[in-house]
Amino acid sequence: MKIFLGPAGIPTTVKNRGVIEGILEVSRLNLNAMEIQFTYGVNMKDEVAIEAGRLSKEKGVLLSVHAPYYVNLNSGEEEKTKKSRERIISSLQKAHLMNASYVVFHPAYYGKSSPEECYERVKSEIEEIMEVVRMNRWKSIPAPETTGKRTQFGELDELLRLSEETGCSLCVDFAHIYARNGGKIDYREIFDKLSSFDHIHSHFSGIEFGRNRERRHLTIESSKDSPPLRPLLEEIVRRDLNITIISESPILEQDSLLMKRIIEELLEASS
Numbered sequence: 567m568k569i570f571l572g573p574a575g576i577p578t579t580v581k582n583r584g585v586i587e588g589i590l591e592v593s594r595l596n597l598n599a600m601e602i603q604f605t606y607g608v609n610m611k612d613e614v615a616i617e618a619g620r621l622s623k624e625k626g627v628l629l630s631v632h633a634p635y636y637v638n639l640n641s642g643e644e645e646k647t648k649k650s651r652e653r654i655i656s657s658l659q660k661a662h663l664m665n666a667s668y669v670v671f672h673p674a675y676y677g678k679s680s681p682e683e684c685y686e687r688v689k690s691e692i693e694e695i696m697e698v699v700r701m702n703r704w705k706s707i708p709a710p711e712t713t714g715k716r717t718q719f720g721e722l723d724e725l726l727r728l729s730e731e732t733g734c735s736l737c738v739d740f741a742h743i744y745a746r747n748g749g750k751i752d753y754r755e756i757f758d759k760l761s762s763f764d765h766i767h768s769h770f771s772g773i774e775f776g777r778n779r780e781r782r783h784l785t786i787e788s789s790k791d792s793p794p795l796r797p798l799l800e801e802i803v804r805r806d807l808n809i810t811i812i813s814e815s816p817i818l819e820q821d822s823l824l825m826k827r828i829i830e831e832l833l834e835a836s837s
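Note that the numbering used here has the sequence shown beginning at 567, numbered continuously upward.
I should point out that these hints are in silico values taken from the structure, not numbers from a laboratory. It is possible that part of the hints are untrue.
[Stated by the list, open to error] In silico DSBU-like pairs for lysine-lysine, Cα to Cα no more than 35 Å straight-line:
no.	residue 1	residue 2
1	K581	K790
2	K568	K611
3	K705	K715
4	K646	K625
5	K826	K750
6	K646	K568
7	K826	K705
[Said to hold, decoys possible] So the derived label-pair ranges between C-beta atoms look like this:
no.	residue 1	residue 2	range
8	D758	R796	18 to 28 Å
9	G749	D723	46 to 56 Å
10	R583	G607	12 to 22 Å
11	E644	K759	27 to 37 Å
12	R620	K568	14 to 24 Å
13	A835	E697	42 to 52 Å
14	D723	E694	16 to 26 Å
15	E694	L726	36 to 46 Å
16	N609	S837	37 to 47 Å
17	G607	R804	39 to 49 Å
18	E774	D723	21 to 31 Å
These numbers were taken from a predicted model, which means no experiment stands behind them. Cβ coordinates follow ideal geometry from the N, Cα and C atoms, glycine included.
Please construct the entire structure, taking both the sequences and the accompanying hints into account.
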């Protein structure tokens, strides 16, 4: 079992600093993962990406990347779909330089398409992206994320099928699954479906949701109606899983440290 824990982005303790300072701070906090956020565009220079990869290896911090948020592989406009594809590919190129395995992104909206029509369009785009990955021999791989709104493509079963048919990976966002299902989540069922994965990449946080599902991410302890953390960690320890859990909580690394404390308690109790 190997569990990687860390924040989505630069820790709040070094807010407004760069990626290099972020990696150093994650290491100082005794965490071992960090997801680089290309929220509004892929603007990182290659030399910074290479240095981030070198430093993360030295410090034992596993990196991943979140592609820009404006991605819709089922846009009705070809130019928008093309731009979405290019954003993912640019993220994959930088991830490769950083030795980051996973590039996470929100894949699409259903729009006027049926779920199956949307699936086929997303699949076609992912196949093109995977061909670019293979041609360049990149070590990074696209990992579409489970989504929190029913208007979005990204149910777990859709992404499992996509992974099987294209060779991409996926990111399991437990808060999104919880919100999309109206406040229900079955960790055993989820991990049963992921049993073929050697390593699971995931996100966790508290969440606020309503009729149309996900509204915003919350801290783990401030949210009364969010996916329960301890049962998740108990199931991970029980199954001896290899997993990365990225904290998308507003307090980022603080909730990663909360997860770390609970896991240490569980491991001590089971020894």
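Do the hints match the structure? See the list:
1. K581 x K790: holds, 27 Å
2. K568 x K611: holds, 31 Å
3. K705 x K715: holds, 30 Å
4. K646 x K625: violated, 39 Å
5. K826 x K750: Answer holds: K826 to K750 is near 24 Å, not above 35 Å.
6. K646 x K568: violated, 39 Å
7. K826 x K705: Holds, because 28 Å separates the two Cα atoms, which is no more than 35 Å.
8. D758 x R796: 18 to 28 Å: holds, 20 Å
9. G749 x D723: 46 to 56 Å: Because 19 Å falls outside the window, the suggested range is violated.
10. R583 x G607: 12 to 22 Å: Distance hint for R583, G607 holds at roughly 19 Å.
11. E644 x K759: 27 to 37 Å: Because 34 Å falls inside the window, the suggested range holds.
12. R620 x K568: 14 to 24 Å: holds, 21 Å
13. A835 x E697: 42 to 52 Å: holds, 48 Å
14. D723 x E694: 16 to 26 Å: Roughly 23 Å apart at Cβ, these two residues keep to the hinted range, so it holds.
15. E694 x L726: 36 to 46 Å: Given about 20 Å between the Cβ atoms, the range is violated.
16. N609 x S837: 37 to 47 Å: The hint (37 to 47 Å, Cβ to Cβ) holds, given that N609 and S837 are roughly 46 Å apart.
17. G607 x R804: 39 to 49 Å: holds, 41 Å
18. E774 x D723: 21 to 31 Å: holds, 25 Å
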